[in-house]
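A.B. asks: Position one of the sequence shown corresponds to residue 1 (UniProt numbering), numbered consecutively onward.
Take the hints with a grain of salt, since some may be wrong.
Stated by the list, open to error - Label-pair distances were calculated between CB atoms; the ranges are:
1. D181 x Y20: 25 to 31 Å
2. T95 x C14: 16 to 22 Å
3. G15 x S129: 27 to 33 Å
4. A17 x D169: 47 to 53 Å
5. W151 x G26: 47 to 53 Å
FYI, nobody ran anything at the bench for these hints, they're computed from the structure.
Don't be surprised by glycine CBs; every beta carbon is placed ideally from N, CA and C.
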Amino acid sequence: MTTFRSPIKHCRNCGTAVVYRLPDDGDTRERAVCPNCDTIHYENPLNVVGTVPYWGRQVLLCKRNIEPRWGKWTLPAGFMELGESTEQGAARETTEEAGAQFEMEGLFTVLSVPRVGQVHLFYRARLLSEVFDPGHETIEARLFDEEQVPWDDIAFRTVHETLKRFFDDRRAGHFGVHNLDIV
């Protein structure tokens, strides 16, 4: 069994200790199964959602005030919450981390990161103002031209790949949707 979070120890329904085995329903993956009530507990990837906020030829980056990678630069993003769409989550994270006013545009990158059990989704977002009010997770929110981006201080590879494709697409004069595997 490969796990990226603490393994499930107890059934969410009845509290009995679970066992990891192949379920009786024909599933081909080992799962946490409750021997008391037969509940199968599925462990699925987490979604990280965010935006590529831009103002003219510049992108907005946030300097992290939290671990992991405290002090490194990133796009505004975070874990999607239950009950929200990917776009709603991306907008919420952008508001929380950057305090930016913006208009959501299309989905831009979908990045699978199987080694940590995550899928990252970034949307383009057109900034409506150059005024930012970053939240507690952000030391500083700042606009960068492509040449000014602190490439060696980008917090995550998914952000690096997303920024690279954003600038490439901007030069090409059209934006696509990019699907990448980060291995």
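A.B. asks: Of the hints given before, which are not true for this structure?
C.D. replies: 2 and 3
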